[in-house]
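> Sequence:
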Amino acid sequence: MTSYKYHSMKRIIFLNVLMLLAFGLFVLSGCQKNTPDSPDYSDKMKAISYLTENYPPFNYENEGEIYGVSADILHGLFTKMNIEPTDISLEINEWDTVYQRTLNQPNTMLFSVVRIPERENLFKWVGPIAPQKDVVIALSSQQLNITNAADLATHTIGVIAGYSNITLLLNLGVPQSMLVEVNSMSDLYAGLTNQSFECIAYSEIGHGLAVVSMGYNPDDFDIVYDLQVTQLYYAFNPGISNELVDYMQAVLDEFKLDKTEDGSSVYEKILNKYQVIEHVEDNITEQMVIDLVSTTSQHLEENSVATLDKINAGEAPYHDLINPSLYAFAYDTAVTMVAHATNPLLVGVNFRGKTDAAGKPFRDQIVSGALAHGTGWEDYIYTKPDQSGLYYKTTYYKLTTGSDGKLYVVCAGRYK
5 MTSYKYHSMK RIIFLNVLML LAFGLFVLSG CQKNTPDSPD YSDKMKAISY
55 LTENYPPFNY ENEGEIYGVS ADILHGLFTK MNIEPTDISL EINEWDTVYQ
105 RTLNQPNTML FSVVRIPERE NLFKWVGPIA PQKDVVIALS SQQLNITNAA
155 DLATHTIGVI AGYSNITLLL NLGVPQSMLV EVNSMSDLYA GLTNQSFECI
205 AYSEIGHGLA VVSMGYNPDD FDIVYDLQVT QLYYAFNPGI SNELVDYMQA
255 VLDEFKLDKT EDGSSVYEKI LNKYQVIEHV EDNITEQMVI DLVSTTSQHL
305 EENSVATLDK INAGEAPYHD LINPSLYAFA YDTAVTMVAH ATNPLLVGVN
355 FRGKTDAAGK PFRDQIVSGA LAHGTGWEDY IYTKPDQSGL YYKTTYYKLT
405 TGSDGKLYVV CAGRYK
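In my numbering, the protein residues as written are 5 to 420.
Calculated from the structure, these hints are not laboratory results. Be aware that one or more of the hints could be misleading.
Derived DEER-like restraints, expressed as beta-carbon distance ranges [claimed, not checked]: (1) Gln199 <-> Asn354: 58 to 66 Å; (2) Asn111 <-> Ala376: 54 to 62 Å; (3) Ala376 <-> Pro121: 25 to 33 Å; (4) Gln291 <-> Pro389: 15 to 23 Å; (5) Ala165 <-> Ser217: 42 to 50 Å; (6) Asn111 <-> Glu306: 41 to 49 Å.
Beta carbons are placed, not taken as given, at the ideal position from N, Cα and C, and that holds for glycine.
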């Protein structure tokens with residue numbers, strides 16, 4: 005059973021071995037522990053109080069167990085840092101309570117926190133963990149029509165005290181008098197359903213989970229306005245050492261990038277587990293992708309060795325510095341990655357039979373498609389090099405014979 009200690013209104017949940025199962029054993033399957041030469045910050049990490057709130061799907065409690073994207077990722081980082089789950093405690097409380105404690109109490113860390121300019125110097129940051137979009141939600145029966153920021157100012161809006169979307173709404177011109185602050189997610193939805201206010205500001209992805217978990221009918225609510233996409237972070241009390249924060253950032257960065265074991269990182273699997281998969285519009289067109297593949301193919305035909313070296317070094321034109329998500333990569337016919345402009349960890353890895361986080365063997369399909377048809381497109385889910393999260397992606401590929409006489413499958417993609 006999960007162990008509890010009660011101190012007045014706060015609840016401290018100790019992560020034991022059963023909690024490890026609640027997070028999902030798959031979280032640990034791809035987490036290689038650090039080598040003996042790595043810095044040992046385990047004692048300092050154990051001394052930190054980890055604070056959170058109910059904010060699904062990123063962190064939430066259900067029947068005495070902790071779930072969520074940020075919680076699972078944090079657990080994976082502890083494993084990589086050789087920290088046992090029994091040595092770590094989490095405290096769940098209302099947002100304003102844990103936020104103020106992290107500001108004022110040494111050796112504290114809070115998750116998940118939107119990083120905005122107003123908070124920049126208040127904490128030390130590790131992340132980003134994942135993107136999230138704030139939206140305005142109303143009862144369907146109200147049939148609210150909000151088309152611009154000026155419309156927002158004419159409606160009372162429920163918000164959770166201390167949330168970053170309060171600053172956003174004020175900056176959009178919503179008067180403070182039109183914002184009604186409550187203490188928790190449950191208070192927010194209770195106020196909306198009993199019409200204490202006309203609409204609420206909350207996370208788009210969290211909304212669906214919230215209404216189901218509290219027993220509401222999802223059809224009774226409408227998203228009436230999109231506010232903004234922000235990034236979530238782990239936020240440390242500013243007294244935490246820079247060395248510890250930098251080390252945890254490095255561990256998180258590797259956690260995101262390492263896809264070598266079975267084709268997708270544990271980070272991607274966690275996001276897929278909670279269905280935090282995003283559509284994104286960028287400035288990359290299909291023609292830009294085709295042009296990059298054509299240019300890279302031509303260069304391979306002229307000088308394979310030099311071109312592969314330049315791709316792996318992340319040089320232009322193989323990595324577009326204006327559009328960082330536009331980059332070249334290449335496989336041989338055995339589905340071994342021979343070049344990658346943004347993730348050198350993947351070079352030399354054979355990906356035959358390895359899949360994306362949803363189980364699709366897209367690399368095999370890219371290579372087999374190239375061998376059968378010469379060129380084509382393949383869809384899958386993947387991370388972006390310039391921001392956190394998991395996204396829908398499509399890749400164009402082309403079969404090319406290099407100057408060394410070898411066959412290469414040259415690729416580039418765009419997110420959609």
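> All hints, please: hold or fail.
Now the hints, each set against the structure:
1. Gln199 <-> Asn354: 58 to 66 Å: holds (60 Å)
2. Asn111 <-> Ala376: 54 to 62 Å: Cβ of Asn111 to Cβ of Ala376: about 58 Å, so the range 54 to 62 Å holds.
3. Ala376 <-> Pro121: 25 to 33 Å: Taking Cβ atoms as reference, Ala376 and Pro121 lie about 51 Å apart, which means the hint is violated.
4. Gln291 <-> Pro389: 15 to 23 Å: Check passed, 21 Å falls within 15 to 23 Å.
5. Ala165 <-> Ser217: 42 to 50 Å: violated (21 Å)
6. Asn111 <-> Glu306: 41 to 49 Å: violated (58 Å)
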